[in-house]
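A.B. asks: Protein chains in written order, with my numbering: chain A, 197 to 524; chain B, 6 to 288.
Calculated from the structure, these hints are not laboratory results.
The C-beta atom is built at its ideal place from N, Cα and C for all residues, glycine as well.
Any given hint could be a false lead.
Sample of chain A residues facing chain B (criterion: CB under 10 Å; computed from the structure) [as the list claims (entries may be wrong)]: (1) Pro335; (2) Val356; (3) Ile372; (4) Ala389; (5) Tyr400; (6) Gln403; (7) Leu407; (8) Ser425; (9) Arg473; (10) Asp488.
Between beta-carbon pairs, the in silico distance windows are [said to hold, decoys possible]: (11) Pro509(A) / Asn209(B): 29 to 39 Å; (12) Arg285(A) / Gln150(B): 24 to 34 Å; (13) Ile270(A) / Val24(B): 28 to 38 Å; (14) Asp236(B) / Pro509(A): 52 to 62 Å; (15) Ala292(A) / Asp80(B): 49 to 59 Å.
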Amino acid sequence: MDFAAILTTAVTAAIGPVAASYALAAIGLNIHFGYTGLLNFGQVGFMLVGGYGIAISVSILGWSMWVGVLVGIICAIVLALILGFPTLRLRSDYLAIATIAAGEILRLFYMSSYAEPVTGGVYGLQQFADEFYDLNPFPPDRYELGPLTFGAPDLWIMIVGWGLVALGVIFVYLLIHSPWGRIIRSIREDEEAARSLGKNVYWYKMQALILGGVIGALGGMVMVINTQSASANSFDPVVTFFLYTLLVLGGAGRVFGPVLGAVLFWFIVIGFDALLRSMIAEGLLPFLDPGDIGAIRLSLVGLGLLLLMVYRPQGILGRREEMVLDAR
Amino acid sequence: MPDDVKTSAFDGVVAEPGVAKPDPILVADGVTRRFGGLHAVNVGHLEVQRGAITALIGPNGAGKTTFFNLLTGFDRAGSGRWRFDGDEMSRMSAYRVARHGMVRTFQLTKALARLTVLENMLLGATEQRGERMFNALLRPVWGGQEKANTARAEELLERFKLIHLKDAFAGTLSGGQRKLLEMARALMVQPKMIMLDEPMAGVNPALVQSLLQHIIDLRDEGMTVCFVEHDMDMVMGISDWIVCLAEGEIIAEGRPNEIGANRAVIDAYLGKEHGTAPAEETS
Numbered sequence: 197m198d199f200a201a202i203l204t205t206a207v208t209a210a211i212g213p214v215a216a217s218y219a220l221a222a223i224g225l226n227i228h229f230g231y232t233g234l235l236n237f238g239q240v241g242f243m244l245v246g247g248y249g250i251a252i253s254v255s256i257l258g259w260s261m262w263v264g265v266l267v268g269i270i271c272a273i274v275l276a277l278i279l280g281f282p283t284l285r286l287r288s289d290y291l292a293i294a295t296i297a298a299g300e301i302l303r304l305f306y307m308s309s310y311a312e313p314v315t316g317g318v319y320g321l322q323q324f325a326d327e328f329y330d331l332n333p334f335p336p337d338r339y340e341l342g343p344l345t346f347g348a349p350d351l352w353i354m355i356v357g358w359g360l361v362a363l364g365v366i367f368v369y370l371l372i373h374s375p376w377g378r379i380i381r382s383i384r385e386d387e388e389a390a391r392s393l394g395k396n397v398y399w400y401k402m403q404a405l406i407l408g409g410v411i412g413a414l415g416g417m418v419m420v421i422n423t424q425s426a427s428a429n430s431f432d433p434v435v436t437f438f439l440y441t442l443l444v445l446g447g448a449g450r451v452f453g454p455v456l457g458a459v460l461f462w463f464i465v466i467g468f469d470a471l472l473r474s475m476i477a478e479g480l481l482p483f484l485d486p487g488d489i490g491a492i493r494l495s496l497v498g499l500g501l502l503l504l505m506v507y508r509p510q511g512i513l514g515r516r517e518e519m520v521l522d523a524r
Numbered sequence: 006m007p008d009d010v011k012t013s014a015f016d017g018v019v020a021e022p023g024v025a026k027p028d029p030i031l032v033a034d035g036v037t038r039r040f041g042g043l044h045a046v047n048v049g050h051l052e053v054q055r056g057a058i059t060a061l062i063g064p065n066g067a068g069k070t071t072f073f074n075l076l077t078g079f080d081r082a083g084s085g086r087w088r089f090d091g092d093e094m095s096r097m098s099a100y101r102v103a104r105h106g107m108v109r110t111f112q113l114t115k116a117l118a119r120l121t122v123l124e125n126m127l128l129g130a131t132e133q134r135g136e137r138m139f140n141a142l143l144r145p146v147w148g149g150q151e152k153a154n155t156a157r158a159e160e161l162l163e164r165f166k167l168i169h170l171k172d173a174f175a176g177t178l179s180g181g182q183r184k185l186l187e188m189a190r191a192l193m194v195q196p197k198m199i200m201l202d203e204p205m206a207g208v209n210p211a212l213v214q215s216l217l218q219h220i221i222d223l224r225d226e227g228m229t230v231c232f233v234e235h236d237m238d239m240v241m242g243i244s245d246w247i248v249c250l251a252e253g254e255i256i257a258e259g260r261p262n263e264i265g266a267n268r269a270v271i272d273a274y275l276g277k278e279h280g281t282a283p284a285e286e287t288s
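So that you can see chain B by itself, here it is in the shape it has in the complex (with noise of 0.2 Å):
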């Protein structure tokens, strides 16, 4: 296993929710969201490791995704702050966020449908300077710019196999395809943090080991990488540490190995045992 020395990061830090990190990227304190009466996300305190894989698991319903969209700036926290890499993030703008180095992709991937496989790409470059819209009839001065920013973009395309496919418009992908752009894309921003929500729903189990491979070489590159997913069986295997959600609140933290065996977790995604659990069940 490769994850030997990234996991080694994590020695001698206890397995229960909110514990402190040696290195975090990113610190969460009292971060809350309502739906009317409904307390989706409730989350005490969270620190996420540098350099390392943070699944982020829970079953349906449990605030998984609602919490990543608070963390990137896509919905606003009734109360809580958090820092990244240093900076206060709380009721930053999402394009902010992402300028900032947290870069999301999506749960029902947003491939641009109708522009090309390589301007979806070209998108994510930064700070470019054709993107001025009187610097944009000028051609000269962004030219060069986006020479090199196709040459990085054709890269990463190389790396996910997608250059084939570099002029279809991105309409024509496949859905594993879609999340494999939407992915070479995040990396475009040259992010710290790459927050990937559901990256291996809906795709076909060929393409699930492909997907997995890139987070992990991602994570070997010096990336942080925070994962969402309910599918136990996906997480085991690549995360470094995982978090686990339930009803809005982290109930247990840990190493996969701690998570497997964590009472819980098991109940939040089994349900309690016998009787009480089909009633208080909520989707």
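Just chain A, with the same shape it has in the complex (with noise of 0.2 Å):
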């Protein structure tokens, strides 16, 4: 078996722009989940309105893309508002629920075939992102970094995807050490007490969902813009799983939490696939064919998610003294 190849595709992986992807989409879900406490199990909700601005404003509209990037984020500030409004106020339950609901009506009604002129139905859109690649300063070759190679539009995508991410790690933690984020983070412990010392709990719940889904949305852009193909049908419900799994992985409520689970979490999936594979191929294992792998990988995400809970639930970034303290 060739470990070397295997850990060359988990590596290219863990790097690469979609693994960019979620990790912003995770920084967003932990500045609702992480720091303010709003259980958002709709996060492909705010991936997919941005992926589909963007692919909507070139493909249907004719306008520029970075109209459409504006679009995209326009759209989540919408759909935050929206979710928000009659939620917010109410028990964190409400918002768990009206999000899960909202992310499966939006993949839904995008895939529809009433709304196809539109989005495309269940062809979705494509080649909407020339003009991002048209910026590519990397002329056409095979770049190599160590054993892993990637081609032009690979490394400039990767480039900005982690540049963003960079960005929103910085961003989260400028604002988590003010006192903007003391007041989020105090909304997440005891919102009575926060709103017993004059702060406007809700307004800081709306803003904090509103920015947590315009970075989702970001996500959401670097992964149509990376296939150049919005599908609805990739913002599957389990994708938001995906993210809670990652974020516990790396620790929420930790500023590099979500990064470093992104990281981890598309290394060992990939890696464990790639595995699977050859060892398959080899005949290592042979009451499985190359089909199960999907399912198989699906139930080990799950199984990992379960032992993390059990076993380190703050997270590898997480300190377990302030877990011990949680008093939900």
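Reassemble the complex: the two chains are provided individually, in unrelated frames, and hints are given to aid placement.
C.D. replies: Here it is, written out as structure tokens:
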């Protein structure tokens, strides 16, 4: 078995554009769940409106992709307002219910034949990010980073994607270590206490929901630009749960948690995938065929999340003593 | 007793429910709250004297905390109006009530467990520039203010003997320390009136004395203090004025000695004599 090849595949995925888009979406989710205590189970919905914001603006409306970025951001803000307005005054469970439903509704609606003239229905939309790749400063070639090789477009989207992640991390760091961040964290601990000290809890929750949603939308944009294709089925609810898994893995409520989580998550998932594939190819697992790998991968994620919750609920970067104090 | 001067404010005030005070900071009229068929609060008229310690007493289930919740915006009254320091406060949301200078604490302390003691304190400071999202990114905009707030917070922590814990997570504090922290945190808001919901509940006897002294000190500095308590003995020593609630209504008001001798209060606490009491008691 070629372990070097398996490792190369895993590392490529861990630093690839998909991992970057997940890291971005998880940074947004970290603002919701890790800092404000908002249970958003529909982060994928924000990714979807972000991705389709670009796709529809370019493919259907014929606008510039950069206008599309703006459209995607505005869509995320509107979605946050729609979700937050009725639910943020209520107990946190209601936001969870509303968001998980909203994510599914968006996916099914964008996929429906009714919406096909605008969204491309089940076929989705393609080839809307040429403007992005036109800006690529790297001449078309294969680029080698040690044992890894990337094409010029991959390198370009990776640099932009991880650049956005870096900006997101700095942004969250500054915010969380400010009086604004203090209010957000106090809401996570006990919103009535924050209210009793004169803080407009509802408005701060709304701000957090919008902010995390917009960062999630940026993640969705990186995702669709990477493949030059927006298809509703790639915004499956399971994406949100992958995001939760990697956030908990890295450490929720830690600035670097979502980034470390995204890198490790894709390293493990793709590495495991490649390992199984090569084992099957060599006939070591006669009871499996390559078609089963997807399902096994999914159960592995579930098992991983379970083990994390039992043995290291604070994640890799989290602090045990904080976890113990979590009264919720 | 240090409260001689203060009680003189009540000279000539008759000990009866709903009596007018010389300088009321809070005036409530017809405040009601129902839970289904139960009249939890039904207060006809109440005035709270500025700069005094007013205790709200009553047996369990008398509606003290509910009344507190209504006044501070944590619950919505069925009817009624109340003015605080000249401002109409009825139907105002809780955070606005706090900004108007009426700040409360909770019976079950709400220490923000995964914030440090100092962060808990700083949260109380009002009108922080860094609480706006875009300012928050620019430390120079709010750094100076944060420094001043930190100095004030440390002063208060010193006074409440919590300074050695300032970097500890609030969740690691004992019950009594949390009560102290909550009181100190409320003071960070610089309230005109502080509303303490059972400040002595669950606090060990040694700390109770220091808590009581803090309350008296606040009054002596000119703050209006209103607190809920059901333990009569605690109340008698420090209150300037006592309001007794039973089954949602004010049944008596007066100075501590007057309340101690009040028939209605004794009945409410011990049950009306002979036979009828156990059957009628509500919990």
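A.B. asks: Each hint should be assessed against the structure and marked as holding or not.
C.D. replies: Evaluated hints:
{"no.": "1", "hint": "Pro335", "in the structure": "violated (37 Å)"}
{"no.": "2", "hint": "Val356", "in the structure": "violated (22 Å)"}
{"no.": "3", "hint": "Ile372", "in the structure": "holds (9 Å)"}
{"no.": "4", "hint": "Ala389", "in the structure": "holds (4 Å)"}
{"no.": "5", "hint": "Tyr400", "in the structure": "holds (8 Å)"}
{"no.": "6", "hint": "Gln403", "in the structure": "holds (6 Å)"}
{"no.": "7", "hint": "Leu407", "in the structure": "holds (7 Å)"}
{"no.": "8", "hint": "Ser425", "in the structure": "violated (34 Å)"}
{"no.": "9", "hint": "Arg473", "in the structure": "violated (43 Å)"}
{"no.": "10", "hint": "Asp488", "in the structure": "violated (42 Å)"}
{"no.": "11", "hint": "Pro509(A) / Asn209(B): 29 to 39 Å", "in the structure": "holds (32 Å)"}
{"no.": "12", "hint": "Arg285(A) / Gln150(B): 24 to 34 Å", "in the structure": "holds (30 Å)"}
{"no.": "13", "hint": "Ile270(A) / Val24(B): 28 to 38 Å", "in the structure": "violated (59 Å)"}
{"no.": "14", "hint": "Asp236(B) / Pro509(A): 52 to 62 Å", "in the structure": "violated (40 Å)"}
{"no.": "15", "hint": "Ala292(A) / Asp80(B): 49 to 59 Å", "in the structure": "violated (25 Å)"}
Checked against the numbered hints given earlier, this structure breaks hints 1, 2, 8, 9, 10, 13, 14, 15; the rest are met.
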